[in-house]
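S.K.: As a plain string of letters, each chain reads:
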Amino acid sequence: MSTSTDVQDAAVEPTGAGHTSAGGSGAEPVFAVDGLWKVFGPKADRVPADPELAALSPAELRSRTGCTAAVRDVSFDVRKGEVFVVMGLSGSGKSTLVRCLTRLIEPTAGSIVIDGEDVRAMDKARLRELRRHRAAMVFQHFGLLPHRTVLDNVAYGLEVQGVGRRERRERAQEVVTKVGLEGMEHRRPGQLSGGQQQRVGLARALAVDPEVLLFDEPFSALDPLIRRDMQEEVVRLHHEEGRTMVFITHDLNEALRLGDRIALMRDGRVVQLGTPEEIVGSPADDYVREFVRDVPREQVMTVRRAMRAASAQEAGEGPALAPQATVSEAIEAVARTGQTARVVDRGRCLGVVDSDALLGVVAGTGGQFADEAAGSDTDAATGSESGAGSAESAPDQGDGTASSAREGVA
Amino acid sequence: MRTRMKGVLAVGCSLLVLTTAGCGAADMTKQASPFANAQGAKTVTLSVQSWVGAQANVAVAQYLLEHELGYRVDTVQVDEVPAWDALSQGRVDAILEDWGHPEQEQRYVKDKKTIVNGGGLGVTGHIGWFVPTYFAKQHPDVTNWKNLNKYADQLRTPESGGKGQLLDGSPSYVTNDKALVKNLDLDLQVVFAGSEAAQITQMRQFAKEKKPFLTYWYSPQWLFKKVPMTEVKLPAYKEGCDADPEKVACAYPHTPLQKYLNTDFAKSDGKAADFLKKFKWTTEDQNEVSLMIADQKLTPEEAARKWAEGHESTWKAWLRK
Amino acid sequence: MATITATAPRSGLPGFLKHPATGKLLLLAVAAAVLVPLANARWASGSWPHALTVDLTEPLGKASDWVIDNRDSHPLFLYFFGYVSNAVVLSVRAVYLVLLAAGWAGVTAAAALVAWRVAGVRLALGTGAAFLACGLLGMWIPTMQTLALMVVAVLASVVIGVLLGLAAGLSDRTYRALRPVLDTMQVFPAYAYLLPVVLVFGMGVPAAVLATVVYAAPPMARLTALGLRGADAGVMEAVESLGTTARQRLLTARIPLARKELLLGLNQTIMMALSMAVIASVIGAAGLGDRVYQALASVDVGAALAAGIPIVLLAVVLDRVTGAAGTVDDELGGDTGSRWTGWAYAAVVAVAVAVAGRLTDRLDWPEAWLVNIAEPVNRAVDWMTDHLYSGVPYVGGTADWAGHFTTWVLDPMRDGLQWLPWWSALLIVAALAWLIGTWRTALTAVLAMAAIGVLGVWGPSLDTLSQVLAAVAVTLVLGFATGIAAARSERCERVLRPFLDVFQTMPQFVYLIPVVALFGVGRAPAVAAAVVYALPAVVRITTQGLRQVDPAAMESSRSMGATGWQQLRQVQLPLARPALLLALNQGVVLVLAVVIIGGLVGGGALGYDVVFGLAQGDLATGLVAGAAIVCLGLMLDRVTQPTDRRTKKGA
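Protein chains in written order, with our numbering: chain A, 1 to 410; chain B, 1001 to 1321; chain C, 2001 to 2651.
Careful: at least some of the hints might be erroneous.
As a list, the in silico DSSO-like pairs of lysine-lysine whose alpha-carbon atoms are at most 30 angstroms apart [as the list claims (entries may be wrong)]:
1. B:K1280 - B:K1112
2. B:K1247 - C:K2024
3. C:K2024 - B:K1113
4. C:K2260 - B:K1182
5. C:K2062 - B:K1178
6. B:K1163 - B:K1210
7. B:K1211 - B:K1042
8. B:K1271 - B:K1316
9. B:K1306 - B:K1280
10. A:K80 - A:K124
11. B:K1278 - B:K1267
12. B:K1247 - B:K1280
13. B:K1163 - B:K1211
14. B:K1112 - C:K2062
15. B:K1150 - B:K1112
16. B:K1233 - B:K1110
17. C:K2024 - B:K1110
18. B:K1150 - B:K1163
No lab work stands behind these hints: they were computed from the structure.
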């Protein structure tokens, strides 16, 4: 899993206690969202303002006010260079959420800050500047202009900015090459396959060299094989350019494959926010548990989760694994050698995994152990401000999970 | 976006106002046809009425204007009353055959002075009710209006329902027939053919089958040569007996047909106007050309040429200074 | 599967469907029971009570007189209408002079080259041939006059239509206000537009152009608005997400996305403009229509045909070329550079041909190249009149048919309608409109019908209505039969298609020529012309409706062993019901348009009143009749208009 390194990158960065400000090690949040609401319907403003209304269930809210809350009181930070996935079933509010980020949909309440600048306070010109240069979006249904060639579609964002014809064509050509559409520059979108069209959509977003890429279920309209290709393309791009990405999907596997961190939404709320491993290993509630039930846990969980303290003998022998190695890699190693495997980080043995523990992870019963090991993650995700607790119980591993939990729904 | 649209609209409107109001008055009553005077040639626009006699006038005038005087002639088919209006506005230059429109004459010739009388055509027109001669021979008493009710049965058609049919022509023609039928208490139904052409078609159909019919008709008319017809006597015409269209109960008058010219045209376009003023021929001449057009199906131009070849002396007089 | 869902409510729950209908009828019956005795006691008469009419003749006559008296002095005319009128005359003249300067060779070459660039070689050849045919028939100058008028009218229509469409496409409020107006204007017969413009502008080209613009602009506005509003929301969002300004969104996305609709609008506008430019010969438009009009006036079918053929050719060429513009380009997809060079070549060649024509002094169509079709055609017509017209053994002649049709169908219908007490006519209209549509459509229909009575033209309107109903009945019988045949047999449809295509593009006026030759004069030929005019649309809609019936439903019924006839009756026809209703609606609207023009061939009634009004300069009569026609059109459209509500509910 290529994401594992990223997970670690994110995980080892300590973060402070604040909601919006990240810790000191350069991981500025690109987007800081706090208490965001989007309510559709008549007099939508009153819903977030009134705690009683805000607490209603969707059905009650609808019958009482005629309003629908698509996004309810959501807070999170997106850090520089990470792939932040928002996942949920259709109707969970995730697409509305991502549109609120650049005010394609005007939020009802809450704050959105990009690089320290309040998005909701922007005037039209400033907002255009944001959309033109800082955040570009890729859409589920591509949103290509059918009357333009591939090249002109890719160059469209630059054209909008007023870049000269020659220059924008040159730059578009570069991006077209980058996404692997060479030779198709002069075709119309209608002449391309779905996957190719989405490459054009991706290229169009990349061409303006945005700070953040926003993806709104970009691959859900594609065939499974092509979807996989495209996912790999995104992973590759992320590796090469390290661009910050916010990725919306309803596909759990996609979320696990791409996400450094995942926010899982239901009925407009974030029910859990954490690394893929946390989501799978420590579901916040029954809903999440049900959601992740069929996930091949061994490919998501790391040995760090499955290990137990090593006895003196075990610490000295057996195959060595990095803490971020997946359980499936450990299984392979254990099966090959027939010994317990050591989890080694910078020469220090953190613990061992044996076949029982690994099987426990696969079967899902190992979660009990892992939960205990991971301390208060679950609690944190459901809203308690207990980041410090998790750091205590697992001093070497807890920061990332703790901070992510803290940034979950407060 | 909305404000922008409004701005665009406002600019558009003000532009329109500027172009229309910015440069003084525009008199739309002084407009020639856009197709007139193209390519350097001087153009005369003549009004053609829908009946063939009028076509004959125009055909000959057109032929001579084009071949003898070097004009280009445009013809426009306009009905009688609107033709006066068109003439007044200069959209046509001349009407060659008018059957008497006192109201229009008062308005345009006497009050507005936009039209001048161009003299008589030389032909006298008469409107009346006619039956085919073969029918009149069988029943000589049908030629008196008092006996018409007796023949109402024989004059019935699908269109006239239970009454006898009185066939009328184009809606543009001067007609008192509805009032006449009512005031003379006749068992007839006026059926409008909608156009003279339709009326003629119908009459010829009847004639071929030797069926009886009663029709509104007029002379001079070439059809008399094809379908001989006899006039039905209506109560005699007296000056002013047709003053109130609701109460008319008398025959139609005999009208010397008149020509009318647009005032400006008459003043400015010397040669053509002069020619049209002098244009004057006989009922026989007109019928000869009409027959060639309507019955032999010659084009008006060919018919005019044929006539012109045979009557050089007549038209030479029109060209003389 | 679909059969089950479709038929279940019908067979399983008869009460369910019937219930609303009976409910409506009951409600109406109660209302009638209260109102009718009251109305009857007060104004007991079969026809519309005189007490309830408003005589508009006098005020309208006065208005007309006022216009004529003040036309050369009142500021409204001097500073507004005068300029409009002058602008029209100047621009038509300018276009006409350009066309004449290009000469016949130049115009033909230019037209063919435009067709080539837009629609390919085949249409280019066709276009060239069509223009040459116009010349051969001796109709070059009238064709150019009509073309000049058309160019100006179409340009004005497109500009106005696009502006209105933009307003309606970008603002919801404008759209809501404009849509019913545009929809309604589409059902008005062309003829009704002539009188108001004549009132203001008098006879002549300005009036003709303006009537044409008023008639032809609505489809452009309508389709522009539809196209702009129908822009793919996903694309628009994507475009917005890139930080476009409103202007950029409109110019680079919304308008290009609406390209298909815009071109369709252009196509419809051109076709309607041609149709109107021809009809407007009645008010002095000159050109081809005037030649037809003149020829009709002397029953010279040959000459009418000689002028009618160029109209048809022009119509077919314009329709095909603009129609192709909408489709071809997408497939070509070639880069813009080569397209521009293509246009440049075309322009150069056209100019070269025009200059060559000028240098060789061949601007006018050479007189030696004329083909006189009038004579042979007239001979053929005479032969027809002699042999087909009457007394053909066993079948009878066409005139006999016309006579019988008049006696057995038209007369009883007219008398029946006129015999009906006025309130019962209103009730019937209400009941029909309500059953097919909503209470809204019913109300509009009843009000329109009542307005006819108030205008004091109840009698003639019912006469016209009887002709419309007879023509619609004949049209539907023939149209449905043909449509079913075409839907069931591929070959039948292939044979029919070119005919339908050509017939649908022909201006209404053209149909009057052959019917006079065949059926003589009266109401029967007017009905015949209406049937011929409306038939293609009805056949086409029926065929498409039957063809588009869910194949799964057809398959399942076939799998249950239904015979062809059973399939048709039990599956296809019920499922194609919306299409059939649409065919009825279209048929009614088209038939009315021609029945009115039938006033020129003895159709009588309202059409005659309009002709009379124009011919006698008695605009009051004409305008009242025109208003009645509009009301009649509105009523017929609403009565036959199925609701959207029902389909929405079902879906």
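S.K.: With reference to the structure, classify each hint as holding or not holding.
M.R.: Quick rundown of the hints versus the structure:
1. B:K1280 - B:K1112: 26 angstroms, holds
2. B:K1247 - C:K2024: 51 angstroms, violated
3. C:K2024 - B:K1113: 64 angstroms, violated
4. C:K2260 - B:K1182: The given pair, whose Cα atoms are some 60 angstroms apart, is violated under the 30 angstroms limit.
5. C:K2062 - B:K1178: Satisfied, since the Cα-Cα distance of roughly 24 angstroms is no more than 30 angstroms.
6. B:K1163 - B:K1210: 20 angstroms, holds
7. B:K1211 - B:K1042: Given pair K1211 (chain B), K1042 (chain B) is violated - Cα atoms ~50 angstroms apart, limit 30 angstroms.
8. B:K1271 - B:K1316: 14 angstroms, holds
9. B:K1306 - B:K1280: Given pair K1306 (chain B), K1280 (chain B) holds - Cα atoms ~18 angstroms apart, limit 30 angstroms.
10. A:K80 - A:K124: Roughly 25 angstroms separates the two Cα atoms, so the pair holds.
11. B:K1278 - B:K1267: 15 angstroms, holds
12. B:K1247 - B:K1280: Violated, at roughly 35 angstroms.
13. B:K1163 - B:K1211: Judged against 30 angstroms, a Cα distance of about 16 angstroms means the pair holds.
14. B:K1112 - C:K2062: Within the cut-off at roughly 18 angstroms; holds.
15. B:K1150 - B:K1112: 50 angstroms, violated
16. B:K1233 - B:K1110: At roughly 35 angstroms apart (the allowed maximum being 30 angstroms), K1110 (chain B) and K1233 (chain B) break the hint.
17. C:K2024 - B:K1110: Violated. K2024 (chain C) to K1110 (chain B) sits at ~64 angstroms, over the 30 angstroms cutoff.
18. B:K1150 - B:K1163: 11 angstroms, holds
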